[in-house]
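Student: Residues per chain are reported as follows:
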Amino acid sequence: MPYLDDDVLVFGIHQGENPNLLLAFQAQTGVTFPLVADQGTQWQLAYPEGVGYPYPRDVIVGKDGTVRSIRNSFDVDEMTSLVEELLLE
Amino acid sequence: MSAVRLLSFALLLLFGCPSVPEDVPADDDDDSTVAIDDDDVTEDPTPGDDDDDSSVSDDDDATEPPTPAPTGMEILPCFGGEEGCADEGPFLDETCCAAGDNIEHIGNVNGAEVVDVETDGRWVWACGGFGAAVGDISVSSSPVDSAWVSDRCQRIAVGPLLPDGRRVFYLAHHGDSFVTSAFLGGWTIDATGGVEPIYLEEHPEVLFEGMRVALGHLYVAAHDGGLRVYSLDDEGVPSFVRVVGPFENARKVDVVGDRLYLIDSQDVQVLDISDPGDPQLLQTVDLSGVPRDIDGLDDRVYVALGAQGLVVFQIQVDGTLQFEANWQPSEGSTQAVAATPSHIVLVNWSHVALLDHELRLIGTERVTPTPNFEQDLGIAAHNDLVFAGEWEDLYVLQVRPGYVAPDIEVTEDLIVFAGAEAGSQTIEVGNRGFLDLEVSSADTTAPEAFTVSPSSFTLEPGEATSVTVSFEPPAPAVPLRLQLASNEPDSTQNPLQIPIAASEVGGIGVGDPLTEDWSFLAPGGDLSELDGKVLVLAYFALF
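So the sequences go chain by chain: F and Y. Just so you know, we're using the numbering used here here: the first sequence kicks off at 1 and counts up by one. Just so you know, we're using the numbering used here here: the second sequence kicks off at 1001 and counts up by one.
Chain F on its own, in the form it takes in the complex (with noise of 0.2 Å):
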């Protein structure tokens, strides 16, 4: 598994979802990432140029605590790219 014995940390954050739904998500997908609920933090994050919509939105988070990217939409080769280059720092 991908960056698993490195830095990084993942967590899905969702606004209070039906927590059945949640385990049947988890069975689904086999995500082992813990999926938490939000404590009011979607309000607060910025809306860049390009982001219209609080979800999916997603963070990232460089090892200084200074976010470093805010997207909506996932690009995988973009977000391994910029987690790597975080890790490096």
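FYI, nobody ran anything at the bench for these hints, they're computed from the structure.
Part of the chain Y face toward chain F, derived, beta carbon under 7 Å: (1) H1174; (2) G1175; (3) I1508; (4) G1509.
All residues carry an ideal CB built from backbone N, CA and C; glycine is no exception.
Place chain Y on chain F using the hints.
Tutor: Coordinates of chain Y only, in the frame set by chain F:
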């Protein structure tokens, strides 16, 4: 007809560990399980591509020279004046094709947070966060908003047509933070658009999902609750019969003849419903991916498989499935599929794609103008009408066979100048249509800060080129966009606008630190516990 999970499966590829599905009760015959081989995958067969035959290639006969790829007019779907001709010319040489848009937006039906769409050719239902909107499409060029049912809705199934002309339909919701009790409901709609409830089942433990009516029964997928079977009386009122399972995550279902096809976890389950009240499992098909939608027509079953595109199965004599082909979009993620005798329509998240039954991309349509973010989640089709459910609304499109056009596509939906610093960014612009794409103007909304090269160009079908945007700060306080004006027939993409991020924004944005409000992510509730870690935060919702 879409079951969508907005948590990106890109994250799954990066960080998840797919679990091994439990064996589903089935016969021991190895032939009952079919797996898709990566060798069978075919990329979006753009015009001029050598692999325009989307079926599995046969390398056994190595003595004959390879068939040269079609070029020029040969790439057009109506080359040689065969099927699928345009209504009127002027016709392009050696074809019965004419230049023009082949999938056009002709109207809207009111909707909100649309996640599922169905039609019976008389009515169209758009199911979403504010209930089910019903539109009258008896005069197809002018869809009329007719009714609104329920507070929230996720799935629809069209039911029987009663002798008095009323149509029965069913809505389902699996429950969320707004709907505390999952429900399955039935309604009728009459010729005037009047709706009446006929059935309601509320069950906090059942995750009602995709449904289908066939052979006098209603079949309801219910996640790990299996497949729920209901018999229907003469008025379309359901009576519970049984649950079939176990299944891991049954979500969408379709029926062809007396065979039921159920998407479950990463499989398609094939069931014999020759005894409609007692389905029997025939086959489990491993998709090696997470299906979003399924549609069966004639002797084919079509599965929307997200980033892996569309998978096509051939229905065998016994109703089991044999893999036939895989078509992948060049952008987006296939969320839903609808097949008609003449074409296949997909919603690929950011756009609608029209394919012929040879899996050639005939045309695309964005229903929202760029640079707006588009979320296409549901699709239904009836003859030449297509109903695309986008988050904001339901769009009515018309397929125009025989018309061909250029079709612009770009590799980026956002151009970022990190830290608002000077520099250059390059994107790829391509033509996935059948005629030359002529970009007459490539510029920005802030020419005092940005330059674009080249400023105009022409792309033949299948061609692509690099476009470079250079930035010299400061950026003015206006919406920053790259604009590409062309002969692309879709007004939503002409000019095609791509946002440019080169200035500071309000809220916690790029370059800002996370605040203590994010401390809930730390095991001990202290944000400093996350120091030294790269964080990937995926904000998502389940529909």
